[in-house]
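Trainee: Whenever a hint applies, use it, and build me the whole structure from the sequences.
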Amino acid sequence: MRTSGERLRPGCERAAPTISEPVRSPPGGAQGAGGHAASRGTGPLTRGPAARRIRSMLLLTRSPTAWHRLSHLKPPVLPGTLGGRALHVRSWFLSRQGPAETGTQGQPQGPGLRTRLLITALFGAGLGGAWLALRADKERLQQQKRIEALRQAAVGQGDFHLLDHKGQARCKADFRGQWVLMYFGFTHCPDICPDELEKLVQVVRQLEAEPGLPPVQPVFITVDPERDDVEAMARYVQDFHPRLLGLTGSTEQIAQATQSYRVYYSAGPKDEDQDYIVDHSITIYLLNPDGLFTDYYGRSRSAEQISDSVRRHMATFRSVLS
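In numbering that gives the first Met the number 0, the protein residues as written are 0 to 321.
What the hints contain is simulated information worked out from the structure, not anything from laboratory work. One or more of the hints may lead you astray.
[As the list claims (entries may be wrong)] Cross-link-like lysine-lysine pairs, in silico, DSBU-like; alpha carbons within 35 Å at most:
1) 137 with 269
2) 171 with 198
3) 198 with 144
4) 137 with 171
5) 198 with 269
6) 137 with 198
7) 144 with 269
[As the list claims (entries may be wrong)] Label pairs and their computed distance ranges (CB to CB):
8) 214 with 140: 21 to 31 Å
9) 187 with 140: 18 to 28 Å
10) 190 with 120: 18 to 28 Å
11) 234 with 307: 40 to 50 Å
12) 177 with 261: 46 to 56 Å
13) 301 with 242: 51 to 61 Å
14) 137 with 190: 53 to 63 Å
15) 273 with 311: 26 to 36 Å
16) 265 with 175: 42 to 52 Å
17) 208 with 229: 30 to 40 Å
18) 242 with 136: 34 to 44 Å
Beta carbons: idealized from backbone N, C-alpha and C, even for Gly.
Mentor: Laid out in structure tokens, this is it:
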């Protein structure tokens, strides 16, 4: 019987195999397709160091950790093979990545912590700015609707003719070009009127302390013309602010002024001393430099809230008369 790689000479003498060294089978006697090719091949791939490298690769593929071992081979170990080129490309690609792009296992990572924090901060600032802009637009729209509704109600559209606490005749046109805070009350009021006038004066002082803002004229109009004459008004207003202007007049003139601003008032019954209380609405009115009614503030509004409102009206004011 002839074996692979042997030739018979004349005389039936056996010749030595042509392979320079014996080919050993894989451990356990297993013969794969590659093993048969290596054992019976007769080309350059079956001789020398190349054959040994190929046999080593084939043996590695038979074990469970074959590919794990191949992945750790350096490119020079498998020259001229497809696996060698793949490992070389992978090593070159990882060498091109910086420390921020690869982790401890060589896996790509995202941007650094500082970059993520910066992106988050910028995104949050953008959302906050958009929310503030929408809120400001909403407030301006509500304010315009409020002013339009009050103008349609014809509040403060009429004129008045009264006397100030110095005896000089005054009408609404005298205050054109000025911002005016106006309150209706009476000098014999026990607590509400003094509190509201003190709040009005506090608003005026807060606005006076801010440079660049136009002055605000405080005005106090009585709803008790029977007792609040010019002298009584002069004594009363001097206790609040040097620029507080007290206005009074006849019963008919006061009725005209209160009707123009929708002010309710009613004198109560007199006691033994002929003293009485006047029930009236508690409201501070704001007039713009055109002399038009702009806003009003009830008793629940604080001085700071009124000051903020007046500032906003000043910032958005556009004269319709000039």
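Trainee: The hint says 18 to 28 Å between residue 190 and residue 120; measuring C-beta to C-beta, is that right?
Mentor: 52 Å, violated
Trainee: Confirm or reject the claim that residue 137 and residue 190 have a C-beta distance inside 53 to 63 Å.
Mentor: At 37 Å between Cβs, range violated.
Trainee: Regarding residue 208 and residue 229, is the given constraint of 30 to 40 Å on their beta-carbon distance met?
Mentor: Since residue 208 and residue 229 have Cβ atoms about 31 Å apart, the given range 30 to 40 Å holds.
Trainee: Between residue 198 and residue 144, does the CA-CA distance stay at or below 35 Å?
Mentor: 26 Å, holds
Trainee: Run the distance test for residue 198 versus residue 269: straight-line Cα separation, threshold 35 Å.
Mentor: Cα-Cα ~29 Å, so holds.
Trainee: Taking 34 to 44 Å as the stated bounds, is the beta-carbon spacing between residue 242 and residue 136 within them?
Mentor: Holds, since residue 242 and residue 136 (Cβ atoms, about 36 Å apart) stay within the stated range.
Trainee: Measuring from beta carbon to beta carbon, are residue 265 and residue 175 in 42 to 52 Å?
Mentor: The hinted range 42 to 52 Å is violated for residue 265 and residue 175, with Cβ atoms some 32 Å apart.
Trainee: Taken at face value, is the distance from the CA of residue 269 to the CA of residue 137 at most 35 Å?
Mentor: Judged against 35 Å, a Cα distance of about 50 Å means the pair is violated.
Trainee: Residue 301 and residue 242, beta-carbon distance inside 51 to 61 Å?
Mentor: 22 Å, violated
Trainee: For the range 40 to 50 Å, tell me whether the beta carbons of residue 234 and residue 307 fit it or not.
Mentor: Violated, at about 33 Å.
Trainee: Tell me if the beta carbons of residue 187 and residue 140 are separated by a distance inside 18 to 28 Å.
Mentor: 43 Å, violated
Trainee: Quickly compare the C-alpha distance for residue 144 and residue 269 to 35 Å and report which way the hint goes.
Mentor: 43 Å, violated
The structure does not agree with the numbered hints 1, 7, 9, 10, 11, 12, 13, 14, 15 and 16 stated previously, though it agrees with the rest.
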